[in-house]
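Chain B: place on chain A using the hints.
Protein chains in written order, with the numbering used here: chain A, 1 to 270; chain B, 1 to 87.
Certain hints may be false.
[As the list claims (entries may be wrong)] Among chain A residues calculated to face chain B with C-beta under 7 Å, some are:
#	residue
1	V149
2	D153
3	E183
[To be verified] Pairwise CB distance ranges, derived in the manner of DEER restraints:
#	chain 1	residue 1	chain 2	residue 2	range
4	A	A126	B	L33	36 to 46 Å
5	A	E240	B	R51	50 to 60 Å
6	A	N213	B	A43	49 to 59 Å
7	A	R69	B	L23	33 to 43 Å
8	A	G42	B	Q40	43 to 53 Å
9	B	R21	A	A238	18 to 28 Å
10	B	A76	A	I124	27 to 37 Å
Bear in mind the hints are in silico, worked out from the structure with no lab data behind them. Note that the structure is a prediction, hence the values are computed from the model and not measured. For every residue, glycine included, the Cβ atom is placed at its ideal position computed from N, Cα and C.
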Amino acid sequence: MSRVITITSGKGGVGKTTSTANLGTALAIQGLKVAVVDADIGLRNLDVVMGLENRIVYDLVDVVEGRCRLRQALIKDKHFPDLCLLPAAQTRDKDAVTADDMIALTNQLRAEFDYVLIDSPAGIEAGFRNAIAGADEVLIVTTPEVAAVRDADRIIGLVEAFEKGHPRLIINRLKPRMVNRGEMMSIDDVLQILAIDLIGVVPDDEQIVTSTNRGEVAVLDRSSRAGRAFAEIARRLAGEDVPITVFDDNPGLLNRIFGAFGIRARGSER
Amino acid sequence: MSFLDTLFGKRERSSDIARDRLLTVLVHDRVKLTPDMMEQLKAELSAVIARYVPSVDAGAIEVTLLRGEAVDHLKADIPLRRTPQKL
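Chain B on its own, in the form it takes in the complex:
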């Protein structure tokens, strides 16, 4: 995608869409995790983390499955909101 496409907000590269869809599909193939269970996992994960870290951005949690040499990794990316510090 060219710089101009990015500037005018053109469509996402279809190769990136393909890769992301594959990663999602493989999570379910390998771990036998349904989309429902995945959503539940994210919700429970954010609930647990929120108990310790109140700034967790529950809606932005990303759970992905990566294939390693010997084992696969279920990787959770948990963004935390930056709140201005009070004096």
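Pulled out of the complex, with its shape left as it was, chain A reads as follows:
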């Protein structure tokens, strides 16, 4: 049974696209067939995060409007042939597709893939509604900041109103040292406010910037803490029981010594 999962947030810039690219790649590493869909029509981004921008011929709107077959629009990943991207149209806007189009599209993708991950646009308007229309489950990305958590709260209400079940939460860009100093809301603060299930915590990691610069995703880089966090989330998505690790941003002396030998102790478990 294939699963269609939409990644959304309400607020922009909290890491939806990065999460989609990393989770898609991590599931592909597990040997699963995965399609990642950029539903942000007019603001195409998932292609550049995955380094596939030069291979685009057709896009999602071309498929919906019948200018090409679905297979022609799917772009194979550089590393995993079973990972495909369906890019958004860049020169159209969100009105080019309807919720029914998205449902039909996701049903077509279900026939070919184990997982279909949909990268939602920010906001609560038509683009977001289209992105969740065909979804079985929803993941919500937030950062431990007032504006992002407020928007996440709004989105949770909407996802439940659209009868998409209980969404699960990814807390992104956590800085454990700031949390320890009382300068950033903790995981528990955020969970207490939002009252939803947590699927993972991704630490703030400068390597996300450098890997995105290169068009590579962090899960392929074993030294990336964010990448390892995303790999864990993907295992949880696939149903594995993995305790939530908060990868510290300040490796202790022991980790540094082990690190020199290629062994890496894990961060503290929550």
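Quick look at chain B alone, frame taken from chain A:
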């Protein structure tokens, strides 16, 4: 915040400020309660309670919204002054 900071009355932790501001903002988002209406609610609440419990500390009433599994809770914390008992 370290013990010394507490001792010398340094600033409140910004993470606590963030959490409190969020809780306030979400009350209005969810219940559509304006700050004015909230103040009025507190005033009326204390008036009603004062009719039964004269020691109510009207200025210290805290009304917060908590999110539960199925329903949200509007929670009122109503402190009562401790007055020495007369014999």
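Confirm or reject the claim that A76 (chain B) and I124 (chain A) have a C-beta distance inside 27 to 37 Å. Because 31 Å falls inside the window, the suggested range holds.
Hint check for A43 (chain B) and N213 (chain A) - Cβ pair distance inside 49 to 59 Å: holds (56 Å)
Hint says 33 to 43 Å; check whether the CB-CB distance for R69 (chain A) and L23 (chain B) agrees. Cβ of R69 (chain A) to Cβ of L23 (chain B): about 51 Å, so the range 33 to 43 Å is violated.
For the range 36 to 46 Å, tell me whether the beta carbons of A126 (chain A) and L33 (chain B) fit it or not. violated (29 Å)
Taking the Cβ atom of G42 (chain A) and the Cβ atom of Q40 (chain B), is their distance within the range 43 to 53 Å? Since G42 (chain A) and Q40 (chain B) have Cβ atoms about 45 Å apart, the given range 43 to 53 Å holds.
Does V149 (chain A) hold up as a contact with chain B if the rule is Cβ-Cβ below 7 Å? Since the shortest Cβ distance to chain B is 6 Å, the answer is holds.
Given the hint of 18 to 28 Å, check if R21 (chain B) and A238 (chain A) actually sit that far apart at their C-beta atoms. violated (37 Å)
Given the range 50 to 60 Å, decide if the beta-carbon distance of E240 (chain A) to R51 (chain B) lies inside it. Holds, since E240 (chain A) and R51 (chain B) (Cβ atoms, about 59 Å apart) stay within the stated range.
Residue hint E183 (chain A), partner chain B, criterion CB-CB below 7 Å: Because about 5 Å separates E183 (chain A) from the closest Cβ in chain B, which is inside the 7 Å limit, the hint holds.
Could you check if D153 (chain A) really has its C-beta closer than 7 Å to a C-beta on chain B? holds (6 Å)
The structure fails hints 4, 7, 9 (numbered hints given earlier, in ascending order).
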